[in-house]
Each structure stands twice: as structure tokens, then as C-alpha cells.
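Spelled out from the first residue to the last, the chains are:
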Amino acid sequence: MNKIKYFLAVCICAAFAACEPLDQEPQSTASKSAVFGSENGLQLFANSFYTILPGTNTTLDAMSDYLAVKTVPTFIQENAFAPSQSSGWTWTDLRNINYFIVNCTDPKVPIDVRKNYIGIARFFRAYFYFEKVKRFGDVPWMGKPLDINDPALYNPQDPRTLVLDSVLADLNYACENIKTTNDATRSTVTKYVAYALKSRICLFEGTFRKYHTELNLEGTADAWLQEAADAAQEVMTNGGYSINNTGGAGSSYRLVFTNPTPIANEVMLASICDASLGVYNDANWWWTSGTYGAKASFIRTFINTYLNLDGTPFTDNPEWPTMLFKDEVKNRDLRLKQTIRLGDYKRISGGNQVAAPPLFTYTFTGYQPIKWTLDDTFYDSGALNINSISLFRYAEVLLNFAEAKAELGTLTDAEWAQTVGVLRARAGITNGLSTKPTLVDSYLVTNYFPGISDPVILEVRRERGIELSLEGFRFSDILRWKRGELMQMTWNGFYVPELVTPMDLNEDGVLDVAFYQGDKPNPAIAGVTYVDVSETLSGKVNSQKLKNGNSGELTWMTEISRKWDDKLYYYPIPQADRVANPNLYQNPDW
Amino acid sequence: MSVSSDKKSNGSTDNNISIAGSGEYSSFLVSARYNQQDGLFRYNSDDYDMNNFRAKGSIQLFPWLRVDNNADYSLMSYHNPINVGEGGGIWRNLADEGHPSATMLNPDGSITFAGAYTVGDFYYGKNGIDTKKQIFRNTTGIATNFFDNKLRINGDFTFRNTNENIEQKRVQVPYSTVAGETAYVGTATNDLMFDKRETKYIATNIYGEYENLFLDKHSVKILAGLNYEQSTYQRLAAQRNGLIFEDATDINLALGQAITPTGGYERWNILGGFSRLNYSFEDRYLLEVNARYDGSSKFPSNQRFGFFPSVSAGWRINNESFWHVSPDVVSDLKLRASYGSLGNGNIGSYMFQENFVISQSSLILGGVRPQRTSRPSVLPEGLTWEKATTANLGLDLSILSNRLSFTGDAYIRNTTDMFTVGLTAPAVFGATVPKGNYADLRTTGWELSINWQDKIGTNKPFGYNMRVTLADNKSKITKYNNPNKLITDYYVGQTIGEIWGYETEGFFIDQDDIDSHAKQSPFMRASPTGIWYPGDIKLRDLNGDDFINIGQNTVDDPGDRKIIGNSAPRYTYGITLGADWNGFFFSTFFQGVGKQQWYPSTEAGFFWGQYNRPYNNIPAWHIGNMWTPENTDAYLPRLVGRAASSSTARELAVQTKYLQNVAYIRMKNIQLGYNIPHTLVSKIKASSARVYLSGENLWSYSPLYKISKTLDVENTVASDATTGGTFGDGNNYPMLRSFSFGISLSY
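Protein chains in written order, with my numbering: chain D, 1 to 590; chain U, 1001 to 1747.
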């Protein structure tokens, strides 16, 4: 029996020698104390905030007054949008920020280091809430991550004033506590980026309150405008930025959008692309594709706002309505040729330069954007672009300053010269750079801003539209100016004098495009794109037509009614979210 | 011209060999199997290889002690081709990018752009994921017995090492759009990845058993033991881009700066005690009591252990003294009943701890793509074992000299503390609602099996048999905190699998019809412009509010939806038929589902064709079956691209007309063979030999086939199911028909 006992003892020991207690700790993830107990840990966490920014997205203006696109966005179609289609009521980024702010309390990390990172977190919280307020108006303010049983989950919205005051507090904290003043890579948030965001948000709120009189907050507008001007002034005085002029007249503007590394004197923060690191954007694919992108093109009404080189309005010439594309683009603000295909614009294919007039497989109006795209066709077939996408740049700060001061009525000639003057000088414009404008351009008033009689405000708005085109500001500018009706503007293109006769758009002696109705001209001329502008195409309404039937401006999708209604100043709260929280009230008239 | 990239048929081989022997005190078995299956693709074929080896032996060291050992090893290798154009997974990509009329090659033999983007990548043949999986398992057991075999103490120890090596290669694919000029697709990837995963698992059991018969009537068996299991997973992966040439196979030749090393670790362990008591009285009354007490590292320490008892009883009526029926008529009649619970702790590890996952940022910050972390998942308030308590009643019956036997069971199972996601929280919560023990579920079901076997004749008898099994169950939610009964969450009273949808009224006939009908805009759209045309689907305004929509998305206000079907399989059955005569043998096996419904999901391109994506293939059955002004009785509406490819707003949203009946019957197997007579076999010194011909999946029928024959009824599940994809239905490895011919020899 001893033998047996001995044997059993060995068995049991052997079998259970491998046992260990049932407490298992994860090894491949970090603990809370590791993350919040060192500056490296805080940096590690703060890196997650950056996905809140729009990144390498170059399509933010796809819904705007100045772009004609493939299909009319449902939002601005008459009776087409409903709360069931709404979206954007997502709050995951906010929880991440709030979790950080609430837990960044470990005394092992020096207080000023913690304040720096909390400053960065509050920068992103302000950014987050700004996006929410622009979209929905009133939203609930949450300063901490909520527990699943917290009744506050079922709170209704907070008033706009409460939310914006909280946003301003976040911005002030960020401006005061972020320590970095200069990041050479232009990829992380610095003190001056925080000031730039402050000027952006305060300008939005100041003008929104001024023009949206139905809110009864006009009395508070000037304080916000002053905050905007002061924040911009801080960047202008101490930031060390300037407008890029390298690359030469006619190129220095576009270089800011197409250079692989951010142009550091002007770009304040960018989303960086780099082939070696495997990060790309899809600008060429989106802007130069028949199916992937929206085939977005500028409308003629907007292109007309680009000044002549001598600083006079283009539309002062009474001949403009029937001017041909090849002629109307001459002698204009040099930003025009850096924004759309015109004149001798060339692309590169297989190492060779090739003429690149507007191509009617990708454009409906003829004003085909190139601001974000690279010239080499290599980049067209996928997300392959290596240009870094600017998110904050100095030109915007200058325009924020000029507009805030113009709205306050305190913009001086010197400040005009320092802001709009500098931008127009880069654009090759020769007059009106040093003194504020005194003449009202009736074209701007008639087509864009009927209620505005101050020439300074009008010209600042013109400048903002042109300088910041396609950078994602346009729709929110329209909201804060309360000019939603602009979204109803006809999507018009260049002037076509007659049918069938091919046009040479870039004057290189090669015919480019012809418009016809019914049967395609036979024989067709090689290299010419033939566009059918009949009333109907195979029994259905043709979206591409001419204004006067067989001549006139091109038009696109006039058959779809775009209808502005004041309820569109805010998106509706998505239906599913009001089901999940019935205490949320719907925005007016939705 | 189009080039097809798939083959109509492919080959496979399967070889087995085994050697076994035994002596007075020992026995052994060594066996090996090699199975190889050619892939489906003509280029860059997805070949599969499986090798198995097993060695098993036992030695009786002493009359009271036996030692067993069982070792097996397997090596699986699989090549999964991928393409570097849009998306990587091939099955899904067939639907998305497999354009039916695109040309793969240019006249000069170079690949076209459309080709390089899709199947031309296969033709180029360099991109894919190679998986090698090795499993080595060994179990050593000892069995002892004492006191005339009344007391036994047994133990075993198992270890299993699983090594998975995954290598992924994504090089750029050349194409040409201008003669003589070469460009590339996939320049943004161009990388190699090596991924090594190892799981070490050990398990050990030790238990004692006491068995005795008292007074020749009372048979008692008691068992008690301990069980411990532990599993440790570790991973190390590295990926780097910038291959200097397309045939590079080592990561040293990747020069890019997108370098991604990834680690991974998980360990769980469970410790449990188990016991069983069996008692039977004269083999008439049978009683079994089981109890388990289990603890798992996956649960927090205060909720770690669960106790799971069960009891079952049987009554063999034909052994009763009052039973006077001849055993030739009724040979067995037994009533069974049981009640008990089992625990399920099969959840992820560390779910009750705050874990900060570290990964590489997709953004460039400060010149690098830095590591990042973010807030941990929200923790559930508590976490413990899910418990399934089952009450079962059964009957076993054998009659007519065992020619006919019947087994039947009926049961009710209550699953309590079911591990599932909590009620959807308002979006301001800002996180995925934690999973926890939130629901209770009741399943009622039954199973029965009938077997008939007989022989006809005596000299060369014709033997035949038939077996039918049939089972069904249905589950309902009995507890879940969803006071408003949101349809998209569980709710009390919900039958699992229920499908909510609209009722199809027909097609719009003309503009008057559109104008006078309840407004389907703005909730639904039949075209990008939001305009409705004749031939578009007309849905019934069930709640009479003149709008078609989802109401409050609750059971009480579902808008114009109702429960139109159920996706859970009901009445599953199997039929086996067999016969043998004079050395010939035949068998066949059918299986099927008696009732089940399926609504082709968004992106189910094999069903919806161009109603999904306008550039998808057109299934042949669509031809002549689409609404046109001349063909208003068609099954499908006016052809509109993407009418089916969005989950809510489009007109082909879930509705009665397109709900499919996916009940089916399938002949899984049919086999015909011959046992070669011993007189012949002995000439080659074999003990037995047989030849056979076998076919798999040769025939199936489903009501679905009356509508669509473009996909197999059993393949209507989510796309790329084997690789975890959830996008679209039916884009999967196809159901293969196979024929095999085999010879089996024994010596």
C-alpha cells in the first residue's frame, strides 16, 4: 500500500503542479496607472484625439453654394430630408476626451505637464462641440463621461449660450496651458493653433448671433467678435507665421495645398501624408473620377467674383455674360488659375506634360477644380496622393481678424493692408491693397448679400470665399451669415454660343468640347468630347442643358428643386436618437 | 472578351494508413492521413493541405495500473489569394469588383487597369495570405483499480500547442493603359506581414470512482474529481512596407517606414470540482445526480464560482414484474426525466478590467506614426456564469425484435443571466454598451429518432435500414430591460429570429397611383432624386397614417412593419437509408430544414444583381423578370441600381414579397461499394478489402430555387464567413459537389 500512496501522491502533485490562482492580469494592454502616471502615457493617450480632426478629407465643401455635384444632396432637396435620414449625433470622441480630463490627476506627473495635456484635450473638446453646435444648434453639454445608469443620459439639450460659454472656457484654458509654441512638423496642436481655433469659433458665434436675430442674442455678438479679433491678433503678433510667397506669382498659393510637407510659414496644422509611412489621401481619385467622387465643379456665378488683376470686379464689364471660357479666365486674380483648370494648365502622364483643358467626363460646368489635386495622373486611380492637407493656416486667421473687425466696424486701413491686402498681393492684384474698399460691388450685393451695404464686409466675404474655397468653410459661412438661400443658386457653367461647333478651351489649337442635341455630329472630330444637351435623354429629363435651349450658359440638374427652408440652419436630431431619449426636443419645423 | 478566373472542377486526394497491434499487456496504433484539395481559382489557386499523424498506446504495468498515451500532430496549410486593388477579401470582392464584361489583358499581353484592380491580380499571382497551422497534442492517462475493481482512481494530463504562422504579401500589380508604359496598382500597400500566434493549453483531471452492487439489486456508483484548464495565447506580428522588388520574401527587403509590430497575450484558467452519483435498482429504476462547481478567471473574484447541479431518473418499464409483453414484441421501454443546469463561461478574458489597448496611429504626428491609446471599454456592473437549466422528458422504445426503435425527447431550457449586450443607451453615452448577464431566454423543443432495420431472406440475405431524425425548438426572451420594446434590441416576448418588415402591396401603376398612395418619401427612396415612378414598389400603409416609415421603432409603434417571418431553422431533419446484399453495400444520407426564412441582406449581390450595385452581375433569372411598362407582372421592380444596397431607406427594404423560403432537403452523401470476397483478398494477404464510389452534395431542393438558382440555399449566410466578414450574403466559398473513388485494404 505504501507503493500506492506514493504513486498517487506523485500523480496528484504532477497533475496540479501547473495550476495557478484564477486571478489573471492582462499583459498586452496598459493599466490606468501606467497611462496616467507619466508624461509618455499622457502623450500616448493624447495621440488618440487627433482623429477628431477632418484628416485628409478634401471634400468638405461637397455641399455648398458654389459647387455643382453629380447628385443634389438630399438635405437641400425639397421635402427629401427627414429626421430618419439625419446623422451625426455621435458622442464617442467626447467620451474619450472626458475620460482623459477626469482621470489626468496623477500627482506623479508635474502639474504644468498635466495642464498642458488637459489643455490639448480641451482644445479637442472645443473642436468637438463646435462641430456639434454647427450641425444641431442646441446640444447637451457633458463635462465628464457618464455612467450607464446616470439619469443625465436622458437630459434634453442645453441652451446654446451655456454650451458656447463652456467651449470658450475650454479654448481659454487651451490657449493658456498648451506649452508648445512651435511644432516644426505642423502636425500637432500648439498654443497658436489653439488661438486660431478660438478665432474661428468666436467669429462663427459672433456673426451667427448677429445675423440670426431670431435667437435674440444680438447683444452678445460683439463680445464674441472681439474675442475672435483678439485671438487672431495674438497669432498675428506672436505666432511667427506669414503668407507663403515661395514658388512665385501664380504658383505660391497652390503650393500650400499640393506640397507633400506643409509649407511651414503659412500652414499651422496639417494632416500629413507620406508614401514611406504609408499614409495617403484620395484627392486626385475624388476630384478626377467619374464614379468615386461627386464630379464637383464651381458654378459661374461664383467664378465671376474673382477680381480682375487691376482689382476691379470682373462683372463691371457688360460683355461678361457672353464671354467665352477661354477669354473670361484671362487677366484675373491669379488664384483662379491655381483653383481650376484653365489656360495652359498641364498634367503629367508617364513623365510627359500633356495639355489639360476642363474635361467633360468629370465636370458639368467647365470650372474644374485643381486646388487639392496633384498634376501627375499617376495619383488618379486610388488613394495615392502624398500632399499634406492643411487644417489651419495663417490666411484663415487673417480673414477671421479682418471679418471680425469689419463686423465690429473697427477695421483700419493698416489692418486691411495687413490682412486682405497681403492675400490679394499674393494673388497678383495690383490695386486696393493698402486702403479699405469704399465702393459697393453691386454684383456681390445682388447675387450674394442683398442685406449688406458695408463695402468692407462685402469685400472681406468675397475674399474669404475665394481664398478659402474648397477648404470646408463655405457651408458654415453661409449658416452664420444667414444666407441659406444661396444654396438655391442655379448650377451654371460657362457660356456656349452655339450647338455643334467645337470649342478650344485652352487655345492650344486642339478642339476640346462640342455640345449638341439629338444625334451626335458625324463624322466626329477626334479628341473632342461631345456632350448631349437635349431636353431629354432616352425618355428621361437630361440634367445637362443650355440656359436658352440651344445656346447660353450650361446648366446642371435644374430639374431637381433645391429649396432652402430656415429649418435647414440646423440638422434634425436623428429619429433613432429621439426614440432612445424622448427628452430630446426636435429642432424647429423638422 | 472576358477571362474567367475560376474553374468548373477541381481535384482532391485523401490517403489514410493505419497500423495497429496489441498484446496481452499492451496495445498501440499508429495512423497517418494526407488530404489535399486543389483551390477553385485558375490562377493563384487557394490550395489546401492537411497532414495528420497519430500514435496511441497503452501498457498494463501492474494488474492495478494502466498507463495510456495518445499523441497527435497535424499540419494544415492554406493559401488564400488576395488582391491589392479595392478591398482584399476575394469572396466579397467577386461581387464588388468582378465586372462581368471587363477585359483582363491588353492585346500586348500586359494587364489592363480593370484587370490589375481585380482578377488580373490573381493572374499576376503574387499576393496572398499563407497560413500554416500546427497542432501537437498529447494526453497521458493513468488508470488504477483497487479492491476488486470497486475503487478506481484515474487521472489524465493533456497539453496542446497550437502554432499558427501567417504570412501576408501585398505587392503592386503592373498594368498598362498606354502601350509600352507600365503603371501599378497597390503602390500604397506593397508590404510583407509575418504573424506568429501560439496557444498553449493544458488540462488535467483527477477523479475517483467507487462502484458496488449491494444485495444484488442496488447498484451504486460514486464519482468525484477535480478539473483544471489553462490556456495561454501569445502573438508577435510585424509588418513593413516598401518592398524593393516584387519577389521579396523576407522582411529585410522591406525598406518603407510604415513598420507595425504587434504583440498579444491572453491567459485564462478554470478550476472545477465535479461529482456524480449513479444508483439503479434492479436495472428498473435509474437515478443519476451530478454536481459541478466551477471557477473561471474570466469573472471577477466575487462572482467567479458557479454551482451547477442536475438530476436525472429513468424507469425501464419492461423490467417490471407486472410487464408481461414478450421481448419479441417490446424489447425495451424506458421513460426518462431530467432536470439540471449547466454553466457557460465562454466569454473573452479580462472583460471586467479596464484595459488600455495600445496600437499604432493611422496618422502622422511629429514625423512618425506614433503609438496611441484611448479610453478602455466601459465595464459591465457585474459578470458571471450564464446558466442553462433544462427539464427534459424522454421515451426509449424498441419493438418487433429490435427492428423498430424509437427515441423521443421534449425539453424546456431556461437560460438565465444570458451574456449579451445591454439595452441601447442614448448616443451621448459615447461608448458601446457593455455586455453583461442581461437577458433570460426560454427554449422549448423536442427531438425524435426512428430506426428500422431488417433482413430479407436467409441464404444471401438482403439487409436494409432506415433512420429518420427530426428536431425542433423555439426560443423566446423572458427577461430583458427594454421597457419601450425597441425592436432593434431584445424585448420580453421576442421570438429569436423574428423578421420585421413591410407588406408589399405591389408596384405603382401610374402617377395617380403614386399620388394617391401613402407617402413613401421621405423615409424611403426609389432613386437618388427621391422621385417615385411607375414600377417602383408600393408598400402597404399598415398604420394608416399616410406615411410609410418605421414609427418609433418599437413593438407598439413599428410604423408600417410587422413580423413577416423568422430566420431560425425549424424542423431540422436527417434521413439515412442503407442496404447490403452479397458483398454490395449502399447508403445515402439526406438532411434538411423544414421551415426557415431569409431576407436577402443589403449587398447580397448574388440575389439582387444590379438592384444592389449597378455594376454587379445580372443573375440569369432576372432576365424577363423585371418590371417594364410592357411587363408589369414581373417579380422584380423597375430596375434601379442600389435599390437593395442600403439597409433602411431604399425600396427593397425587408418586405413580404422578397422574403425567401429557405427550407431545403439535400442529399449530403450517397455511396455504393463492394466488399471483395475473402477468397480473393487472401491472395494478396489482406484480411479485407473494399472498393467504393461516393458522391457528396449531388442534389438539393429548396423553394428558394423557384425564385433564384444563383446561390446555394445553405450559402445564404454573411459574406466571407470564414474570415469574419459580415458584409452581404452569399459571397462565400461555394458548396462543392464531389465524387470520390476509394479502395480500402486491411492486413
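If you're looking for bench data, these hints aren't it; they were derived computationally from the structure.
These numbers come from a predicted model, not from an experiment.
Quick reminder that beta carbons are idealized off the backbone N, C-alpha and C, glycines included.
A couple of the hints might just be wrong.
Said to hold, decoys possible - Listed below are several chain D residues computed to face chain U (Cβ distance under 7 Å; list not exhaustive):
1. ALA80
2. TRP89
3. LEU277
4. ASP565
Status of the hints after comparison with the structure:
The closest approach between the C-beta of ALA80 (chain D) and any C-beta of chain U is roughly 4 Å, which is under the 7 Å cut-off, so the hint is satisfied. The restraint placing TRP89 (chain D) at the interface with chain U holds, with a minimum CB-CB distance near 5 Å, inside the 7 Å limit. About 5 Å separates the beta-carbon of LEU277 (chain D) from the nearest beta-carbon of chain U, less than 7 Å, and the hint is met. Checking ASP565 (chain D) against chain U by beta carbon gives a least distance of about 13 Å; that is not within 7 Å, so the hint is violated.
Comparing the model with each numbered hint stated earlier shows that hint 4 is the single one that does not hold.
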